[in-house]
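Just so you know, we're using our numbering here: the sequence shown kicks off at 1081 and counts up by one.
No wet-lab data here; the hints were simulated from the structure.
Check the hints yourself; a few may be wrong.
[To be verified] Distance ranges between label pairs, derived from CB positions:
hint : residue 1 : residue 2 : range
1    : 1094      : 1144      : 53 to 63 Å
2    : 1097      : 1121      : 47 to 57 Å
3    : 1101      : 1147      : 32 to 42 Å
4    : 1098      : 1125      : 45 to 55 Å
5    : 1106      : 1176      : 33 to 43 Å
6    : 1172      : 1095      : 51 to 61 Å
Being a predicted model, the structure only gives us computed values, none of them experimental.
We put the CB at the ideal spot given by N, CA and C, even for glycine.
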Amino acid sequence: MRAGSNPVANVSVERPRMTPAPKRYPLYHVVLLDDDDHTYEYVTHMLQSLFGVSEEAAYQLAAEVDASGRAAVATTTREDAEFKQEQIHGFGRDWRLPRSAGSMSCVVEPAPTE
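Could you build the full structure based on these sequences and the hints that come with them?
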């Protein structure tokens, strides 16, 4: 060591970083609306195809739509809910019923906050 030199090492101290909490996006329901122009078979097939639910879950959702006029079939971010809405609207008519003119209707609604 040289005379007059400082033996203290140059050490950098890392300060803990504050990690911001992940942003929680508001949730939205995809609500399927009842009509008389689609069969249970159509509804269950659509729900299985678009949402990947089991046959039993699809039937229960179809029964809820039939009984109460509407059912929330998914709860997700707004972007995903709007995408699912487009898929439902684009699924096509029910070929089993001649009067079926097109796809089922659905709406996207804000999910209640906790």
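Here's how the hints hold up against the structure:
1. 1094 to 1144: 53 to 63 Å: holds (55 Å)
2. 1097 to 1121: 47 to 57 Å: At 55 Å between Cβs, range holds.
3. 1101 to 1147: 32 to 42 Å: holds (40 Å)
4. 1098 to 1125: 45 to 55 Å: Given about 50 Å between the Cβ atoms, the range holds.
5. 1106 to 1176: 33 to 43 Å: holds (37 Å)
6. 1172 to 1095: 51 to 61 Å: Holds, at about 59 Å.
Checked against the numbered hints given earlier, the structure satisfies every one of them.
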